[in-house]
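Colleague: Listed here are the chains, written in short residue letters.
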Amino acid sequence: MSREKSFNILRTVVAMIIATLVAFTIILLVSENPLESIKTFIIGPFTSLRYLGNIVEVAIPLTFSGLAMAVLFQTSLFNLGAEGIFFLSGALGALVSIWVPLPGFIHPLFAILVGGTAGAAVMLIPGILKAKFGASELVTSLMLNNILLGVGCYILNNVMRDPNVSSLVSFKFAETALLAKLITGTKVHTGLLIAIGTVIVVYIFLYKSKWGYELRMTGINKEFAEFSGINIVKVIILAHIVAGFLSGMGGVIENLGMHKRFEWTALPGYGFDGAMIAMLAGNNPIGVVGAALFVAYLRIGADLVNRFSDIPTEMISILQCVIILLISAERFLHKYKQKWIEKEAK
Amino acid sequence: MEKLLTIIFSTDFFYSILRVTTPILFASMGAVVANLSGTPNIALEGIMLIAAFVGMYVSYLSASAWIGLVAAIGAGMLAAGILAFFTLYYRTNVILGGIAINSLASGGTIFFLYLIAGDKGTSVSLNSKVLPQINIPLIQDIPILGDIVSGHNFLTYLSIISVFTVYYMIKRTPLGLRMRAVGEQQAAAESVGINVIKIKVIALLISGALAGLGGAFMSMGYVSWFSRDMVSGRGWIAIAAEAMGRTTAIGTAVTSVLFGVADAFSNTVSVLGWPADLVGTIPYCVTLIGLFIFSLREYRKRQ
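Quick note, the sequences are listed as chains A and B, same order.
All letters in the first sequence, in the order written, are residues 0 to 345 by numbering that gives the first Met the number 0.
All letters in the second sequence, in the order written, are residues 0 to 302 by numbering that gives the first Met the number 0.
Calculated from the structure, these hints are not laboratory results.
These numbers were taken from a predicted model, which means no experiment stands behind them.
A hint or two may mislead.
Unchecked claim - A partial selection of chain A residues facing chain B, derived with a Cβ cut-off under 8 Å:
no.: 1; residue: Leu48
no.: 2; residue: Leu51
no.: 3; residue: Tyr153
no.: 4; residue: Val200
no.: 5; residue: Ser327
no.: 6; residue: Phe331
Claimed, not checked - Below, computed lysine-lysine pairings styled on DSS-like, alpha-carbon distance capped at 25 Å:
no.: 7; chain 1: A; residue 1: Lys4; chain 2: A; residue 2: Lys207
no.: 8; chain 1: B; residue 1: Lys300; chain 2: A; residue 2: Lys233
no.: 9; chain 1: A; residue 1: Lys131; chain 2: B; residue 2: Lys300
no.: 10; chain 1: B; residue 1: Lys170; chain 2: B; residue 2: Lys197
no.: 11; chain 1: A; residue 1: Lys4; chain 2: A; residue 2: Lys338
no.: 12; chain 1: A; residue 1: Lys171; chain 2: A; residue 2: Lys186
no.: 13; chain 1: A; residue 1: Lys4; chain 2: A; residue 2: Lys342
no.: 14; chain 1: A; residue 1: Lys209; chain 2: A; residue 2: Lys4
no.: 15; chain 1: B; residue 1: Lys197; chain 2: A; residue 2: Lys221
Heads up, the beta-carbon is just placed ideally off N, CA and C, and yes, glycines get one too.
Work out the full structure, taking the sequences as your base and the hints as a guide.
Modeller: Listed below in C-alpha cells is the structure:
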C-alpha cells in the first residue's frame, strides 16, 4: 500500500474519531445521564441480535446509494439524482408489487428490474445533457430530484393510495413480492444477498473491466482520456446509467425488504447519504460496505440513545455533517501528510 | 375552468404571489452572488432552515422580532461561513460541503427544536414574534392595486429591494466586478492582484445573509412558528431560478417570480382537485427544459 493511500485511511479514521467525540460532547451537554448514554451509543448496537440486525438492515440501502455515488465520483461526475431515483423507483416497484401477479421469487426480481431500469432511464437525461452538451449534471440532477418526487407523490396519491388507511400509504404489497427474511429475530432480508452480489459486480466492473478502466481514466483526467482514444461521451452516459440502475435497485429493495406498503412521502435522503458513504469509502465498492455499516452503526447507536434516554435521534445529522466536512477536506491534516509520506522516502 | 379563472384573477391570488415569492427571491439572489464568484452554494436550503429556526427562537427569547431577524441573518452568515472555511481553507469540495450543511440543518433544527420546545414537529408552543406588515400610505387606498401591493410583510418589500441592490452591486461596484472576474477566470483575477479567497468568502457570506433573510421570512412572516423542514424545497427552487436566470440579478428575479406564480398556482389548483403534486414540479421541468435549450445553443456555438 502506498504511503499516500495509508495516509488517506488514517485521515478517514481521524475524522470518524472526531465525529464520535462530537457525539460524546453533545451527549455530555444534553443528557441527564451522560455516561449511561455514551455507553448505550457505543456498545448498545452490539448488545442484541436484533440491534445487530438493525445495523445490517440500515446498511443495505446505504450500500446501493453508496455504490451509485462511487461510480459517479470515480468518473468525476457530481450528480445527486440518486435521491429522487430512490423515491420514484421505490414507487414504481410498489406498483409492480401491488398489481402485477407473479409467483414468489420472480415477483421481487421483476420489481427490482423495473425500478433499476427506470432509474437508468431517468439518469439518461442528465447523462446525455452532460455528455453531449456539457450541461451541469449537478443542476439537472437537482431539478430531476424534485420532479421525481412530484411524480412519485402523484402515483402514491392518485394511483395506489389505500383509502382504508388514515395515513398516506399505498395498498399492501402482494405477499409474493416481499423479500424473504434471512435471519429469524431480525428483519434482515434477502436484499442483503443482492447487495453483496452487486458490490462484487460493481467492483469487477470498475477495476477488472475495460469499461471501468475507461470510466476511471475519464475521472482522473478527461482531456487525457479523450486524447488517448476513450469515447468520453459514451463513458459519461454509461456511468450515469449504471448509477441510475443501482439507485433504482436500492429504492425497490428497501421497500420490499423493510415495508409492507409504500410509505415515503418525502425524499428519503439516501442519495445524499450515498455521497457521504462513497466518500468515506474512497469511492471503492468494497469500502462502501464498511462505510455503510459504520454509518448504520452510528444511526442505530443514536436511535438507542434516543429510546433509552433523552437525546433526539437527529443528533446523527450533526455527526454526518462533521464526517462529510472533514473527510472531503483535502487539506485536513495536510501538514502531517507531508511528514507521513517523507518518512517512507528516508 | 371558469372557477379557475375567478381564482386566478382575484386580488388574493396576486397578493399570494408576492408572498410566496419572497423567500425564493432572497435565496435566488444568494445563489446569484455565490455562483457569480464561482462557488455554487447548494446549502441554501439548509441555511434558510437554520435561519428560520434561529430567527424564531431568538425572537422568542428576546421578545423582539427585529432581534430575531438580526440573529437569523447572523445564523445564515455563520452557516455560510462554515461552508466557506471548509471549502476555501480545507479545500472541501463545495458540493459535498453543501450536502453537509443541509444534513446539519434538516436534523439539527429538529434536534434543537425538541430540546427547547419538547416537540419534533413545530414550535407553536413558543411565543415567537412576527415581523410587521407594512401598509404603504396612499397606495393602500387605491382599489385592487392597494390590496395586492400594500400590506405585505416588511421582508417582502426588502426582497424586492435586495434584487436591485444585488444588481447594482454586480454591475457598478468594484466588489461586483471582482466577483465576476473571480468567477469567470480565477487565474486571470489572481494575476492582477485580486485576493480570490477573500472575494469568494465575501460572496458566500452575502449569499448566507440573503438566504438567512429568506429563512427569517418563513418563520417570522409567512407563518409565525417554526416547523420541521418548513423550507420544503424553496432553496432548490432558488437554485433553479438562478440557473434559468443565467446568474443575472434581473433574469433570476423574473424567473423567481414565475416560480412564485407556479407555487401560488399549485396551492390554488389543489383546491380544485387538480394534481398539486404534478403542478408543483412545473418550475423544475421548466428549468430542465431551459437548461437543455441553453446548453444546446452553447453547443451549437462551439461547433
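Colleague: Each hint needs a verdict: does it hold in this structure or not?
Modeller: These are the hints, each one checked on the structure:
Contact between Leu48 (chain A) and chain B, as hinted, is not supported at the beta carbon level, the nearest pair being about 28 Å apart and thus beyond 8 Å. Hint status for Leu51 (chain A) relative to chain B: violated, with the closest Cβ pair at about 24 Å, above 8 Å. With its C-beta approaching chain B no nearer than about 4 Å, Tyr153 (chain A) sits inside the 8 Å limit, and its interface hint holds. Residue-level restraint check for Val200 (chain A) is violated (minimum Cβ-Cβ distance to chain B is 26 Å; threshold 8 Å).
Using the Cβ-Cβ criterion of 8 Å, the hint placing Ser327 (chain A) at the interface with chain B is satisfied: the shortest such distance is roughly 4 Å. For the restraint placing Phe331 (chain A) at the interface with chain B, the shortest Cβ-Cβ distance is roughly 5 Å, inside the 8 Å limit, so the hint holds. A distance of roughly 20 Å separates the Cα atoms of Lys4 (chain A) and Lys207 (chain A); the hinted pair therefore holds under the 25 Å criterion. Our distance criterion of 25 Å between C-alpha atoms is met by Lys300 (chain B) and Lys233 (chain A), whose separation comes to about 22 Å.
For the given pair, Lys131 (chain A) sits about 13 Å from Lys300 (chain B) by alpha-carbon distance, which is consistent with the 25 Å threshold. Distance restraint check for Lys170 (chain B) and Lys197 (chain B): the Cα-Cα separation of roughly 19 Å lies within the 25 Å cut-off, and the hinted pair is therefore satisfied. For the hint linking Lys4 (chain A) to Lys338 (chain A), the alpha-carbon distance of about 14 Å falls within 25 Å, and the restraint holds. For the hint pairing Lys171 (chain A) with Lys186 (chain A), the CA-to-CA distance comes to about 18 Å; that is within 25 Å, so the pair holds.
A distance of roughly 14 Å separates the Cα atoms of Lys4 (chain A) and Lys342 (chain A); the hinted pair therefore holds under the 25 Å criterion. At roughly 24 Å between alpha-carbon atoms, Lys209 (chain A) and Lys4 (chain A) fall within 25 Å of each other, so this suggested pair holds. Taking the CA atoms of Lys197 (chain B) and Lys221 (chain A), the gap is near 30 Å; set against the 25 Å cutoff, the hint is violated.
Of the numbered hints listed earlier, those contradicted by the structure are 1, 2, 4 and 15.
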